[in-house]
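Single-letter residue listing:
2 protein chains.
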Amino acid sequence: MASYELLYWPGLQGRGEFVRLALEEAGVAYRDIAQEGEEGEASSLVAAGLTEAGLATPPFAPPYLRHGRRVIGQAAAILLYLGDRHGLAPKTETGRLWTHQLQLTIADAVTEAHDTHHPVASQLYYEDQKPEAKRRAEDFCRHRMPKFLGWFETVLRRNPKGGKHLVGARVSYADLSLFQLVAGLTYAFPKASRRALRRTPQVAALANAVAGRPRIAAYLASERRIPFNEYGIFRRYPELDL
Amino acid sequence: MASYELLYWPGLQGRGEFVRLALEEAGVAYRDIAQEGEEGEASSLVAAGLTEAGLATPPFAPPYLRHGRRVIGQAAAILLYLGDRHGLAPKTETGRLWTHQLQLTIADAVTEAHDTHHPVASQLYYEDQKPEAKRRAEDFCRHRMPKFLGWFETVLRRNPKGGKHLVGARVSYADLSLFQLVAGLTYAFPKASRRALRRTPQVAALANAVAGRPRIAAYLASERRIPFNEYGIFRRYPELDL
Chain A
1 MASYELLYWP GLQGRGEFVR LALEEAGVAY RDIAQEGEEG EASSLVAAGL
51 TEAGLATPPF APPYLRHGRR VIGQAAAILL YLGDRHGLAP KTETGRLWTH
101 QLQLTIADAV TEAHDTHHPV ASQLYYEDQK PEAKRRAEDF CRHRMPKFLG
151 WFETVLRRNP KGGKHLVGAR VSYADLSLFQ LVAGLTYAFP KASRRALRRT
201 PQVAALANAV AGRPRIAAYL ASERRIPFNE YGIFRRYPEL DL
Chain B
1 MASYELLYWP GLQGRGEFVR LALEEAGVAY RDIAQEGEEG EASSLVAAGL
51 TEAGLATPPF APPYLRHGRR VIGQAAAILL YLGDRHGLAP KTETGRLWTH
101 QLQLTIADAV TEAHDTHHPV ASQLYYEDQK PEAKRRAEDF CRHRMPKFLG
151 WFETVLRRNP KGGKHLVGAR VSYADLSLFQ LVAGLTYAFP KASRRALRRT
201 PQVAALANAV AGRPRIAAYL ASERRIPFNE YGIFRRYPEL DL
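As they're listed, the protein sequences go chains A and B.
For the first sequence, the tail end lands on 242 under full-length UniProt numbering, and the numbers increase by one without skipping.
For the second sequence, the tail end lands on 242 under full-length UniProt numbering, and the numbers increase by one without skipping.
Since the hints were made in silico from the structure, they are not lab data.
Every value quoted in this text rests on a predicted model; they were computed, and no experiment measured them.
Mixed in with the good hints, there may be bad ones.
Since the list gives no way to pick one copy over another, a pair counts as held whenever it fits inside one copy or between any two copies.
With a straight-line Cα cutoff of 25 Å, these simulated SDA-like cross-link-like pairs (lysine to any residue) come out [what the hints assert, rightly or not]:
(1) K161 to A61
(2) K147 to L50
(3) K161 to R70
(4) K91 to R66
(5) K191 to Y126
(6) K147 to G95
(7) K130 to R142
(8) K161 to P214
(9) K134 to S122
(10) K191 to T111
(11) K91 to V71
(12) K161 to P58
(13) K191 to L12
(14) K147 to H114
(15) K164 to A61
(16) K147 to G40
(17) K91 to R70
(18) K161 to G49
(19) K191 to T154
(20) K161 to R66
(21) K134 to E112
(22) K147 to R96
(23) K191 to R225
(24) K130 to H114
(25) K161 to F60
(26) K161 to Q202
Please build the complete structure, drawing on both the sequences and the hints.
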């Protein structure tokens with residue numbers, strides 16, 4: 001079986017990070033194009049894969065994963081694939097679908113977090129949409145972030161196997177992704193996230209537990225973990241943190 | 001096997017419509033809560049399901065589907081479930097995942113179409129975010145809509161089984177959803193969508209072919225099809241159509 005090749009823009013965590021965390025927890029070998037050579041070369045390789053002429057299943061955008069002859073785009077679809085292969089989701093249909101439903105809701109929260117600094121257009125600079133960003137971030141900090149985190153708290157409280165994991169009694173890719181969401185929100189919105197996480201202690205505890213898992217802890221301490229910065233989804237602009 | 005029960009807000013197509021189209025094409029019986037009784041009662045039933053205390057798998061938002069003891073949220077996850085059961089996706093892992101990847105990209109386009117009129121906050125009125133909406137809609141009409149439709153055109157052109165379907169040689173839920181996306185864009189942005197669809201003739205042809213499928217045609221002509229209106233995702237505000 002050929003090993004995995006992850007294609008994502010270099011220099012930022014972005015949506016590629018959700019895939020990296022699953023690959024790291026699975027403990028499998030993978031090639032991370034963003035980490036190879038100069039950033040310009042990596043970007044060119046990622047862009048080239050989007051326009052590769054012969055490909056019947058072209059990705060719309062990074063991240064995408066190559067595995068043998070397969071090319072899979074959309075972070076949630078990649079995780080569905082990896083979850084089955086590496087025990088990062090239950091094997092039952094119900095559990096598998098529930099894990100995916102959690103992931104899709106995390107993806108929605110990620111999009112909304114991104115749009116706090118880019119409410120008008122991804123292709124414009126933040127500096128070109130600051131007034132709009134301020135309004136959107138206010139709604140996100142006051143309403144949407146607490147709503148999303150509150151829902152995950154409810155899910156943890158209701159898990160019949162106990163509140164240490166989102167699904168059943170074992171780690172799933174949804175746990176890893178919730179960690180990443182919490183880490184990102186904590187970076188981007190230190191004040192608003194502290195307020196929200198105080199009301200969602202099980203979410204906060206799960207995020208800490210994921211960070212402490214041996215393979216994830218090793219990854220986070222390594223040079224492979226790109227620091228949060230103002231190129232990614234989660235950006236620290238103090239004027240947006242309410 | 002108990003029949004399906006779809007829960008979604010009454011009076012608008014919204015994200016519930018993607019599920020309805022799959023259920024209609026499958027030709028299965030389903031109960032559509034939005035179509036029963038007064039709108040107020042339907043809304044209460046939908047809202048009550050979101051906060052039902054004993055439920056281990058609560059949906060974050062409508063639409064959600066009840067099937068026996070299962071409660072499934074997230075339109076894309078519902079379609080993954082229905083696709084397997086009713087031959088609306090290939091049975092192979094690769095084909096199943098590719099269909100889902102297409103659906104997730106349609107979902108991204110739907111979110112962006114929604115955000116043209118609600119770039120600041122879903123809970124505010126359009127009237128409270130008109131300047132922001134105008135800027136976002138301009139980017140959507142000029143860049144994002146053509147990019148999404150252009151990608152689907154590429155997918156159709158590259159389908160090894162011919163360009164009549166997105167996946168293989170048979171209809172899938174992704175085809176039904178692309179029809180709905182095109183119908184919504186055509187309603188909301190008659191000028192911008194005409195321009196984009198002129199460059200994506202296979203997308204336009206697929207949307208027409210889906211509309212002509214016997215069960216879909218019967219559904220679209222029925223009272224069950226709620227007309228597009230200014231409560232849904234796709235809204236016709238002429239000032240946003242560029």
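Failing hints, ascending? Of the numbered hints given earlier, the structure breaks none, since each of them holds.
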